[in-house]
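S.K.: Letter by letter, the chains look like this.
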Amino acid sequence: MRIAVTGGKGGTGKSTIATAISNYLAENGKKVLLLDLDVDCPNDHLLLGIKIKREQAVETMIPKFNYEKCIKCGRCSKVCRENAIVFVKNKYPFLVKEQCIGCRACKIACPTNAIEEEKQTIGWIYKGKKDNLTLISGRLRPGIEESSLVVNATKKYAKKLEKKFEYVIIDTAAGTHCPVIAALLEADVALAVTEPTPLAINDLKLILNLLKKMKLRHFVVLNKANIAAKREVEKITKQSKTRIIAEIPYSREIIDAYAHGRAVKFDSLNEILKAVE
Amino acid sequence: MKVAVSSLGRELQSNVSLVFGRCPFFIIAEIEGDKIIKSEAIENSSMNQATGAGISAAERVANLGVKAIITGNIGPRAAAVFQQLGIEVYKGSGTVEETLKNFIEGKLERML
Chain B
1 MRIAVTGGKG GTGKSTIATA ISNYLAENGK KVLLLDLDVD CPNDHLLLGI
51 KIKREQAVET MIPKFNYEKC IKCGRCSKVC RENAIVFVKN KYPFLVKEQC
101 IGCRACKIAC PTNAIEEEKQ TIGWIYKGKK DNLTLISGRL RPGIEESSLV
151 VNATKKYAKK LEKKFEYVII DTAAGTHCPV IAALLEADVA LAVTEPTPLA
201 INDLKLILNL LKKMKLRHFV VLNKANIAAK REVEKITKQS KTRIIAEIPY
251 SREIIDAYAH GRAVKFDSLN EILKAVE
Chain R
1 MKVAVSSLGR ELQSNVSLVF GRCPFFIIAE IEGDKIIKSE AIENSSMNQA
51 TGAGISAAER VANLGVKAII TGNIGPRAAA VFQQLGIEVY KGSGTVEETL
101 KNFIEGKLER ML
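Chains as they are written, first to last, in this note's numbering: chain B, 1 to 277; chain R, 1 to 112.
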């Protein structure tokens with residue numbers, strides 16, 4: 001079973017809850033694979049106190065111009081939707097590497113085969129283990145624009161190992177953009193983690209809308225439930241025809257575990273798992 | 001020589017923009033000797049681009065044949081484009097007209 005943990009706003013507790021669920025299942029004898037797909041700043045290993053090791057680099061193709069064959073026509077630049085190839089009349093085109101997503105459109109468009117291939121490292125995949133829990137984290141190389149490429153590469157790497165596990169928990173980035181969508185694809189169920197604040201409620205609307213569009217079964221988890229009134233969250237949840245399956249209090253005990261790099265424990269973990277099954 | 005100034009408005013009296021890639025206008029000025037003989041404002045169509053605004057704005061002004069850029073600041077990617085193309089970048093402030101005058105008199109600090 002693949003459970004994705006998402007939520008829109010940053011800081012609502014996505015990673016805290018993804019690691020808590022993973023830890024709870026593992027402690028109850030289940031074999032769990034946790035995928036940290038918040039590749040811009042993966043930190044589930046810190047929350048769990050697991051040491052991770054770099055397993056492999058994520059590479060993409062980048063064009064290498066052969067200026068002996070180039071006729072300065074500018075077609076490579078014209079077809080590049082990422083604005084990664086700069087072309088100025090009567091000069092040779094050149095690449096701004098960090099923008100390139102390796103789509104090869106330039107290579108296809110070049111009429112004189114002046115584009116060869118090179119590789120660039122856009123991120124890395126890390127792995128770590130604690131008893132029944134295996135953690136795989138993707139990490140984007142700083143400065144690279146398109147993080148969904150690293151999300152997809154990490155998922156592909158994990159897919160080969162998935163058979164050995166009963167549960168795959170997917171921790172997504174904040175937001176509703178490409179890297180979040182890439183992480184959510186192929187999940188069986190998604191948990192939208194939110195808190196009763198105006199910003200989180202606004203972002204909850206966005207993520208629920210996305211989950212509906214993706215036709216992905218989903219529930220709401222209300223974190224820090226006691227810091228403000230929850231009427232708005234209830235309203236939005238009802239409007240999008242789902243329900244709040246757990247309310248987690250803002251408590252000393254949770255903050256304490258969080259501050260010391262231990263997996264968080266709370267009463268409603270079992271309710272979450274019962275609801276998603 | 002042709003120079004491009006990142007500008008907040010269309011006029012020579014407009015202020016120089018503090019940013020390059022996402023400034024609203026470029027004033028393209030033709031300088032001969034110590035005089036501005038022609039100037040025109042163009043809209044920066046890259047201004048609201050999600051990513052790579054600096055790169056495409058740089059590409060566009062380079063295609064107009066400018067030899068120098070005057071701007072408040074410039075991002076690393078637009079700077080890399082100008083560096084590669086051998087186009088000089090100068091730091092400007094105040095109105096476009098004042099900063100062009102200072103440029104002609106060689107008083108502007110060169111950033112690239």
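Everything labelled a hint here was simulated from the structure, so no lab data went into it. Hints may contain errors.
Far from chain B, some chain R residues (derived; all Cβ distances over 12 angstroms) [stated by the list, open to error]:
no.	residue
1	I36
2	E40
3	A57
4	E88
5	N102
Listed next, the stretches of chain R that the computed footprint assigns to chain B, with coverage defined by at least 3 CB atoms under 8 angstroms from CB atoms of chain B [as the list claims (entries may be wrong)]:
no.	region
6	1-15
7	19-33
8	76-86
All C-beta atoms, glycine included, are put in the ideal place defined by N, C-alpha and C.
S.K.: Take the hints in turn and mark each one as holding or not.
M.R.: Evaluation of the provided hints:
At roughly 24 angstroms from the closest C-beta of chain B, the C-beta of R:I36 stays outside 12 angstroms, upholding its exclusion from the interface. Every beta carbon of chain B lies more than 12 angstroms from that of R:E40, the smallest distance being close to 19 angstroms; the non-interface claim holds. At roughly 10 angstroms, the least C-beta separation between R:A57 and chain B is not larger than 12 angstroms, which violates its mark as non-interface. Non-interface call for R:E88 relative to chain B: holds, since the shortest CB-CB distance, roughly 15 angstroms, exceeds 12 angstroms.
The Cβ of R:N102 lies farther than 12 angstroms from every Cβ of chain B, with a closest approach of about 27 angstroms, so its non-interface assignment holds. Note: the region 1-15 of chain R has 0 residues with beta-carbon separation from chain B under 8 angstroms; the three-residue rule is not met and the coverage is violated. Only residues whose beta carbon comes within less than 8 angstroms of a beta carbon in chain B count, and the region 19-33 of chain R has 0; fewer than three means the coverage is violated. A stretch counts as covered by a chain when three or more of its residues have a beta carbon under 8 angstroms from one of that chain; for the region 76-86 of chain R and chain B the count is 5, and the coverage holds.
Hint compliance for this structure: hints 3, 6 and 7 are not met, and every other hint is.
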